[in-house]
Amino acid sequence: MFCTSSSTTTMGDSGNGAQQQQQAPAAATTDTKAKGPWPAKTKPKAAEKKEVRILMLHGYTQSGPLFRAKTRAMEKLIAKALAPLNLVPVLFYPTAANRLSPRDIPGYQLPEGASAEDVEDADAWAWFRRDDASGAYLLLEEGMRALAASMAEANSASSSSSSEADTEGAASTVEAKGTDANAEDKVIDGVIGFSQGGAVAAMLASALEADRARIPRPHEGWVDALREANRGRPLKFAVVYSGFFAPPHDLTWLYEPKVKTPTLHYFGSLDTVVDESRGQGLVERCELPSVVVHPGGHYVPVNREWVMPVVGFVRKCMTEESNA
Numbered sequence: 001m002f003c004t005s006s007s008t009t010t011m012g013d014s015g016n017g018a019q020q021q022q023q024a025p026a027a028a029t030t031d032t033k034a035k036g037p038w039p040a041k042t043k044p045k046a047a048e049k050k051e052v053r054i055l056m057l058h059g060y061t062q063s064g065p066l067f068r069a070k071t072r073a074m075e076k077l078i079a080k081a082l083a084p085l086n087l088v089p090v091l092f093y094p095t096a097a098n099r100l101s102p103r104d105i106p107g108y109q110l111p112e113g114a115s116a117e118d119v120e121d122a123d124a125w126a127w128f129r130r131d132d133a134s135g136a137y138l139l140l141e142e143g144m145r146a147l148a149a150s151m152a153e154a155n156s157a158s159s160s161s162s163s164e165a166d167t168e169g170a171a172s173t174v175e176a177k178g179t180d181a182n183a184e185d186k187v188i189d190g191v192i193g194f195s196q197g198g199a200v201a202a203m204l205a206s207a208l209e210a211d212r213a214r215i216p217r218p219h220e221g222w223v224d225a226l227r228e229a230n231r232g233r234p235l236k237f238a239v240v241y242s243g244f245f246a247p248p249h250d251l252t253w254l255y256e257p258k259v260k261t262p263t264l265h266y267f268g269s270l271d272t273v274v275d276e277s278r279g280q281g282l283v284e285r286c287e288l289p290s291v292v293v294h295p296g297g298h299y300v301p302v303n304r305e306w307v308m309p310v311v312g313f314v315r316k317c318m319t320e321e322s323n324a
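Take 1 as the starting number for the sequence shown in UniProt numbering and just add one per residue.
A couple of the hints might just be wrong.
Straight line, CA to CA, 25 Å or less: simulated BS3-like cross-link-like pairs of lysine-lysine [stated by the list, open to error]:
id	residue 1	residue 2
1	49	186
2	316	186
3	186	80
4	80	50
5	80	70
6	316	49
7	80	49
8	50	76
9	260	70
10	316	76
11	260	186
12	258	50
13	76	186
14	316	258
15	49	76
16	80	260
17	260	316
I should point out that these hints are in silico values taken from the structure, not numbers from a laboratory.
Computed from a predicted structure; not experimentally measured.
Given the sequences, and given the hints that come with them, work out the whole structure.
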């Protein structure tokens, strides 16, 4: 910050002795610099920017980089719309821990002339697997522990808003870049998830609620890992695209009582992948749900018309938290 001080030049008064016989000599003219006090010219202080740290959870058979590629337009619109409020979205795109083989991918067809072994390392991942016979969620603990590790890494990573965010309205997508001295103040504020990632987003929001009691089970160490990763802080919001509730009995504690974290649910009127009853079942298990229906299928709509409800929802949740 620079300040400039003003200086003025003053002229001395000429004395004329009216009652004296001789004219007094004119007073000497001097230049003096004003001592002030004069108000300093100060540069207005820029409003402080606040990060909105959002976890982005991909769907079944996807990956973090692929999900970002599909939501890049939404990312830019959110950043541009929140900029006037001095809110800078910082998005994290973790990849789930459980790799899928081609036989696990619905409708997958091998390339002509290729064998299953040739494409065994497909870039397709899942947060958990559903057992068709029992309905149980397999590998959920591994998926949630990996998510906790990603959150811990994000909350300890050095991050700053990129010039891209300032000039193009694009959010900063941050990877770990070393330890940040102010990392103890950083937590994940919210989550956006699609399909299976939407189901996990709601589960995450519920698990992080401080007053939620759970039936202790040895395999549920992932709950403690998630809470520790976010420093015991709950999420401020969750946006769920084509999501659903988890019906396994050992997960009912996530929805009883209802999820208190504010949630925004998107459904496609032409979605044939997630049954409407499963999606509506999640809405009914949330205390403060908002619902948007778009005229499409099983995907994240990224044009402006369908992104603006997300912007308004995030803005409302962040503003209410700041005023609390």
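(message) Could you work out which of the previously given hints the structure breaks and list their numbers from low to high?
(response) Hints 9, 12 and 16 not satisfied by this model.
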